[in-house]
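Note that the protein sequences, when read in sequence, are chains A and B. Following this note's numbering, the numbering of the first sequence begins with 1 at its first residue and continues without gaps. Following this note's numbering, the numbering of the second sequence begins with 1001 at its first residue and continues without gaps.
None of these hints come from the bench; they were simulated from the model. Hints may contain errors.
If you want the footprint, here are the derived chain B segments under chain A, 3+ residues with CB under 8 Å [what the hints assert, rightly or not]: (1) 1079–1086; (2) 1091–1099; (3) 1158–1168; (4) 1193–1207.
Away from chain A, derived, C-beta distances all over 10 Å, residues of chain B [stated by the list, open to error]: (5) 1001; (6) 1005; (7) 1017; (8) 1019; (9) 1028; (10) 1051; (11) 1064; (12) 1117; (13) 1182; (14) 1189; (15) 1210; (16) 1233; (17) 1238.
Even for Gly, the Cβ is constructed at its ideal location relative to N, Cα and C.
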Amino acid sequence: MSQATKDIEALITQMAKLPGLGPRSARRAVLHLIKKRTGQMAPLADLMHQVAQSARECLNCGNIGTADICDICNDDRRATGELCVVEDVSDLWAMERGQAFSGRYHVLGGTLSALDSVGPEDLRIPQLVDRIAAEQITEVILALNATVDGQTTAHYIADQLHDTGIAVTSLAQGVPIGGELDYLDDGTIGAALKARRRF
Amino acid sequence: MEWRDEGIILSARRHGETSAIVDLFTPAHGRHMGVVRGGASRRFAPILQPGGQVAVAWRARLEDHIGSFTVEPIRQRADILNDRLGLAGLNALTSLLSFALPEREPYPAFYVQTETLFDLLSHGDAWPLAYLRWEVELLDQLGFGLELNKCAVTGSRDDLVYVSPKTGRAVSRDAAGDWAPRLLPLPQCLLGQGAVTAKDIRDGLSMTGYFIENRLAPALGDKPLPEARQRLIDALARYE
């Protein structure tokens, strides 16, 4: 195998480690990039290099950006007094895609997990408590996953904030948009029924 | 190799991009692991939550392989997600079962007791006593049974108020004498006497905790105790 082929094979091996890609799809992607190397590969390589140099966690909320303080935390219009607590950066980005929330976020970096021995000290909970005082937060919205670990974490945070006197709310649980009752699991139907409202 | 059973999900870990390794507690096959193909998908996420109950078929080429599960939901216990105390109980139960039970050793009677306790978790205030009794039973099932029905010194069945940390046997007030400060308090609710108080539950969990930590854990290679148990004790204290 020549050195040139080795480089391409190494690139395929690296690409195959990415989520959602296996060796075959990585090979296809690399072949595609090589064919479009001027228009796609070179700009992609430049951007990857650039982001590798500049990407970092926001010191305030834990979001990923290219500065010490992210755009959301820097935006004064988002100082609404509402703070949305999410498990991971991907959840923050999902909330932002929805454009339904105009306040600020706090990324925990995980959930309490008995299985993985993740305790409160492993999450960004102390920073959350500090922020509530520093940023005059009036409502904390717990947007954590509706899983055992997610809700265990939500209850823990609610307990920690109990004495602060601020409102602690959580996302509703129920039928998703486009959801058909026949395909819903029993737990979701039960939660939706409990949270029913006058129509 | 193939068998069918039902089981309670103790944990589900992602395995690769699409599968999950699931740890189940079953009546006939004990605590058993297996791979659920597609277990990392959104379709399986609600089914594989800890505490959920599933009908399961296990297949493997050889007995000692991890094998694969196909699962069908029986009960999800999702209503417990909104109950902070019940959720703390569920976490303590699943993590203690994972911590303590050996793999592939059946405990059919203990399974029934465990299933009942899981059902009780979302039904009011009665379960902390059931949970305490369950921990006593867990110790018993694993060979560290406590003898609480008569005094280790006098054989008397009256006024049993302590447990010896050395033997795990009850001691009456008279027999304890000057040794009383060194003994563990025995809550009367474990003897079926008197009303259940928060202090009883606290004392009881402190007693079972002593034996879990000092008898059971060393036998399991000094594994650290699951933090979920302490979080349950903290949560119970908060709601006293």
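**Message:** Flag every earlier hint the structure violates by its number, smallest first.
**Reply:** Violated hints (numbers, rising): 3, 4, 7, 10 and 17; every other hint is consistent with the structure.
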